[in-house]
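Student: What follows is each chain in one-letter form.
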Amino acid sequence: MVSKAIKVFSLSTCSHCKACKKLLNDLSMDFDYIDVDMLQGEERKAIIEEVKKHNQRCSFPTIIIQNTVIVGYKEKEIREALNK
Amino acid sequence: MNEIEKLYDTLRKVQEPQGYFFNKDKERVFELLEALVANRERYGYMACPCRLASGDRGEDRDIFCPCIYRKPDVEEFGSCYCSLYVSTAWNEEKIPHVYVPERRPPEKIRF
Numbered sequence: 001m002v003s004k005a006i007k008v009f010s011l012s013t014c015s016h017c018k019a020c021k022k023l024l025n026d027l028s029m030d031f032d033y034i035d036v037d038m039l040q041g042e043e044r045k046a047i048i049e050e051v052k053k054h055n056q057r058c059s060f061p062t063i064i065i066q067n068t069v070i071v072g073y074k075e076k077e078i079r080e081a082l083n084k
Numbered sequence: 085m086n087e088i089e090k091l092y093d094t095l096r097k098v099q100e101p102q103g104y105f106f107n108k109d110k111e112r113v114f115e116l117l118e119a120l121v122a123n124r125e126r127y128g129y130m131a132c133p134c135r136l137a138s139g140d141r142g143e144d145r146d147i148f149c150p151c152i153y154r155k156p157d158v159e160e161f162g163s164c165y166c167s168l169y170v171s172t173a174w175n176e177e178k179i180p181h182v183y184v185p186e187r188r189p190p191e192k193i194r195f
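First to last, the sequence lines map onto chains A and B.
Residue numbering for the first sequence follows the working numbering, beginning at 1 and increasing consecutively.
Residue numbering for the second sequence follows the working numbering, beginning at 85 and increasing consecutively.
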């Protein structure tokens, strides 16, 4: 299961998701990510439900930074949430 | 010329006359075209790389690339949801590059 303070729900094929992961890496942030399209069966259903709790539309990337939820690659909002 | 370059040229010839241009960031475009090919291999159709496909051809018809949301998105934002297809104004930076929200109705999304 996802445990870090920063979680990224992503798709392996999504360029916005890749840009988000790159930004977090460039900022040397410690984060977990899950490429939901690579999941199957019950695990996939469980993770989709978790995404929906934060983002009812279940679009990607869905980024959780402590209690802040950011939907989409919004660099300014991500930096602000990270105080970077 | 590899498969992706061929796909790039083929799609350009078809899409540009319709007013849809590839993002000037060629690296991004090639990344997305590779993703479309990957989706065609795993699902049998070029499902949108930035949306979670259900794997059911019928359910995902609206997000076959180019998706049915491209037209209104490019009209409103100058870019499709993935930033694969954009307008000339977007490429020439005459309009701001803004986040394109998900236009697909939630009820259409099957997992």
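Hints are not guaranteed to be accurate.
Result set (DSS-like, lysine-lysine): computed pairs, CA atoms no more than 25 Å apart in a straight line [unchecked claim]: (1) K45(A) with K192(B); (2) K45(A) with K84(A); (3) K76(A) with K192(B); (4) K74(A) with K108(B).
Derived by calculation from the structure, the hints in this document are not laboratory data.
These figures come from a predicted structure and were not determined experimentally.
Student: Indicate, hint by hint, whether the structure satisfies it.
Tutor: Status of the hints after comparison with the structure:
In summary, the hint linking K45(A) to K192(B) is supported, as the alpha carbons are separated by about 17 Å, within the 25 Å threshold. Proximity of K45(A) to K84(A) is assessed by CA-CA distance (about 34 Å); at most 25 Å being required, the pair is judged violated. Our distance criterion of 25 Å between C-alpha atoms is broken by K76(A) and K192(B), whose separation comes to about 30 Å. Distance hint between K74(A) and K108(B) is fulfilled; the C-alpha atoms sit about 20 Å from each other, no more than 25 Å.
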